[in-house]
Structures are given as structure tokens and as C-alpha cells.
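Residues per chain are reported as follows:
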Amino acid sequence: MSQNEFSGKTVDEAIGKGLAELGVARDAVKIEIVREPSRGLLGLGGEDALVRLTRVQVVAESAGDVANVAQEILETVLSGMGLPARVEILPDVSSEDEDSFVLNILGEDLSVLIGRRGETLRDLEYLARLMVTGKTGKSIRFIVDVEGYRTRRERQLRDLATRMAARVEEHRQPVTLEAMPPNERRIVHIALREHPRVKTQSIGEGDHRRVMILPQ
Amino acid sequence: MELDNLVAYIARALVEHPDQVEVNADERGGAITLELYVAQGDMGRVIGKGGRIANAMRTLVRVAAMREGKRVSLDVVTRVPGA
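Top line first, the protein sequences correspond to chains A and B. Under this note's numbering, the letters of the first sequence match residues 1034 to 1249, in that order. Under this note's numbering, the letters of the second sequence match residues 37 to 119, in that order.
Because the hints were derived from the structure by calculation, they are not lab data. As the structure is a prediction and not an experimental result, all values here were calculated from the model. Glycine residues also receive a C-beta, built at the ideal position from the N, C-alpha and C atoms. Mixed in with the good hints there might be a few duds.
Unchecked claim - Only part of the chain A face toward chain B is listed, based on derived beta-carbon distances under 7 Å: (1) V1089; (2) G1113; (3) M1114.
Isolated chain B, as found in the complex (with noise of 0.2 Å):
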């Protein structure tokens, strides 16, 4: 499984709208750029009280990038409504 369906795993068992869960990956130089998208009234199921839930994915991808070398970062974007 790579970083961006671990992501969506982990945000698709968390929201309402599992299917409006999307991951897009971007690596350059050992340097992989995750951007989690999910339903506008989702953000907080995915973000957490004081950004607890995301930064807890973000330990869990670092540990996994960490051993090929590599490093990430994830970002929450808000699916905009019709897009």
C-alpha cells in the first residue's frame, strides 16, 4: 500500500462521506506532498480538536516515509461542493 491509500484508509473508516475521500500524492527529490481531500463537513472528523487527528496521520506517515529515506507532508483540503 502506498503513503496516499494509507491516508485514504485511515480518512475513509473516520468521516460521513467515505466516498468523497481522495488522496493526491506529488514526490520530488525524496520529498512526497500528500493532499487529503474530503467533504466540506467532514474537515473536522479528519483535522481534530486542535489538529490531533491530522497530526497523528502525519506521525504515522512520516514513520512509514522515514524508511525509504524519504520525507512527507499531508495537507487537509476541503472538497469544494459541486466540484
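With the rest of the complex left out, here is chain A (with noise of 0.2 Å):
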């Protein structure tokens, strides 16, 4: 019998016991009816019930437990990569959704997390949101930010649109913006969605894609 697995008189006094030994709830494990009980013939050769426990992910119940278990995946990763920091959870204020929230990380020295027009922020927090939703089951949208970068980042990028968008109107000629990633894009794009005398797209392709401004 491998060390998951747990008899008894009855299925449920068996998973009893198999809770009890491994320290959890029950909503901890996963639990598997090997056998149920037989009782033999004539009181001979009968059987135990068996079941077997396997441990699972807890599954988080609200945001904020999904953000402490963030918390913890990002801080365990930036240290397995040699750069101890702090993780602070903020609200995220840019965002509808309630449950949103930012990771911000604090420390030294960071400016390598954030690499070529934000790159290594945006792999990192790829991997943190598909660890967190493995982990947690839920897939709760958060941002990962690096001493604020995003947020000061994003105020500059919805200055520059209005600027420029100010310009467009009064020249009647497009302007077309530096290449930027897509979360810088979009964040152009949403300042001016509501703009009502000018219109934005996207020009270009991969690397060297482009918001254009131009008069609507």
C-alpha cells in the first residue's frame, strides 16, 4: 500500500483516517475509492474498505487570497533569480474590475526586471498570471509593476496621446507614434477612444508596430 492510501471498516472511516494522518481538510485532497468494503463469505476473507488521498492545490476562495498566493509565486521567483525584493499588493486603480490588483515590487537595482521597452516585465508577469491561475484555479486579472514603472509609464503615454491628438486636430494631418508593445498601444487607444475628432489604428507589424493618430 503506497503512503496514500488508507483502509478502514467503512469508505468514510477510511478517508477519516487518511485526513487525520495527513493533516488536512477534506477539501484538500483529491479522494479515489480503491475498494469498498466486502464482508467475505462466512466472516472469512473479507475486506477493508481502501481509498486513496492525493493532495491538491488549495483553491483560493476570494481575491484576496489570490493575491497573497501571487504575492508569494512572485517573490519565490525573484528570488530564485537572484534579486531579493519586496512584493506589495496595491489595488489597481486603472481597472473596473474589483478584484484586479497590482503587484508592485520593490528593491535595488530593478531596472533589469524591466529590460527593453518593458519586455522582461511583461514575460514576468506572463509566467506570474499562468503560475497564479495553475495554483489558484482562478484566473483573476493582476498587473506586475517594478517601483511603479507601469503607472508612471501609462500617465505618460495618455499625456502623449492628448498632445498629439491636440495636434492632429489642429494640422488635419495624422501623426504616427514610436513603435510600442501592445499593453502601450492599447493604453493610447483607450485615452482617445472617446475623442471626438480623432480617430487612432495600428500600422506596421511585430516589433515596429504603431499607433497612428489621425483626424476623424
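Build the complex: two chains, separate frames, hints provided.
Below is the structure:
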């Protein structure tokens, strides 16, 4: 019998023993009934019930739990990268989704985490989101930031969008911004979505894709 | 945590069979070679569409290795069933 199989006179008794031995709650394990108990013939050859318990990741119940799991995962990854940094959980003020949150990484010398055009940070965020979904079973959106870099960059981009839109309006000529990654182009598109006199579109491919602002 | 442990930690969170995750590391002359082994059915979970997940892992180990002046490569290998 392998370590996670437990026997008892009834299935319930076997499960109870197993949970006690593993010291976990019932929802923290997957329960398989290997064998129902049988009485045997004439009281001979009867067999106890046998169950197999497999620990499963405890599924987070609320957004707050997800944030804590995410914080721990990110801190572990960073220390694994040789960058012991602190991670704080902040509310995501830019999202309408109230479950969304920001993990802000704090520490010295963290520009390596941002990378060229924020690419390293984007990869880190991508993996962290997948890992959190894998561990909690929840796909709650969160943002990974380094010393407020993203927040600052977002403000810059919104200011830039507004200034360029004013220029387009004034000269009735399209303006093309520098090449940006998808998340940054999205910020520009959203910033000008409600603008009555200009529209935006993305042009170019891959690394060279840019936002063009043009008169409506 | 060494880089093989980092890759194993990340991979285990992504796959259906964390117990099948294994990472071999080999270092020669400042170049680290990492081999990530996962169950056959988990390949897609660590490679991702167009290799996006594997590439994101490569980015992180590269940043970590660069801090020690080393180069690193990461390959994903499927475990042969029964082996």
C-alpha cells in the first residue's frame, strides 16, 4: 500500500483516517475509492475499504487569497533569479474590475527586471499570471510593476496621446507615434477612444507596430 | 535557489503532473544548459502558443544568469512514458 492509501471498515472511516494522518481538510485532497469494503463469505476473506488520497492545491476562495498566493509566487521567482525584492499588493486603480490588483516590486537596482521596452517585465507578468491561475484555479487579472514603472509610463502615454491628438486636430494631419508593445498601444487607443475629432489605428507589423492618430 | 530550481518551480505551477517535472543543469565555461523534462501531455503547458511560455522562462533565466556574467539556454524535453 502506498503512503497515501488508507483503509477502514467503511469508506468514511478510511477517509477520516487518511485526513487525520495527512493533517489536511477534506477539500484539500482528491479522494478515490480504490475498494469498497466487502464482508466475505462466512466472515472469512472480508476486506476493508481502501481509499487513495491525493493532495490538491488549495483553491483560493477570494480575490484577497489570490493576491497573497500571487505575491508569494512572485517573491519566490524573484529570489530564484537572485533578486531578493519585496512585493507589495496594491489596488488596481486603472481597472473597473474590483478583483484586479497590482503587485509592485520594490528593491534596489531592478531595471534589469524591466528590460528593453518593458519586455522582461511583460514576460515576468505573463508567467506569474499563468502560475497563479495554475495554483489557484482562478484567472484574476493582475498587473506586475517595478517601483511604479508601469503606472508612470501609463501616465506618460496618456499625456502623449492627448498632446498628439491636439496636434492632429489643429493641423488636420495624421501623426504616427514611435513603435510600442501591445499593452502600450492599448493605453493610447483607450485614451483617445472617446475623443470626438480624432481616431486611432495600429499600423506595421511585430516590433514595428505603431499607433497612428488621424483626423476623424 | 539555483536556476534549475527556478525553472522547476515555475514549471510545476503550470503543469498537470508536477511530480514529473525535472530539470537537468550543466555548466561549462560560463554557459549553462538547462533541460526541462515534463510529462508528454504537459509539453504545451510549458511551451505555449508559438513558444511564448518557454520564451518567457528563457527571459527570466537569462536575466538571472547575466547577473553572474553567464549565458544560459533552456530546452524543453518530453519524458518518454515508462522511462
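We went through each hint and held it up to the structure:
The restraint placing V1089(A) at the interface with chain B is violated, with a minimum CB-CB distance near 11 Å, outside the 7 Å limit. A distance limit of 7 Å between C-beta atoms decides the matter here; for G1113(A) the minimum to chain B is near 3 Å, and the interface restraint holds. Interface hint at M1114(A): satisfied, since its Cβ lies 4 Å from the closest Cβ of chain B, which is below the 7 Å cut-off.
The structure shown violates just one earlier hint, number 1.
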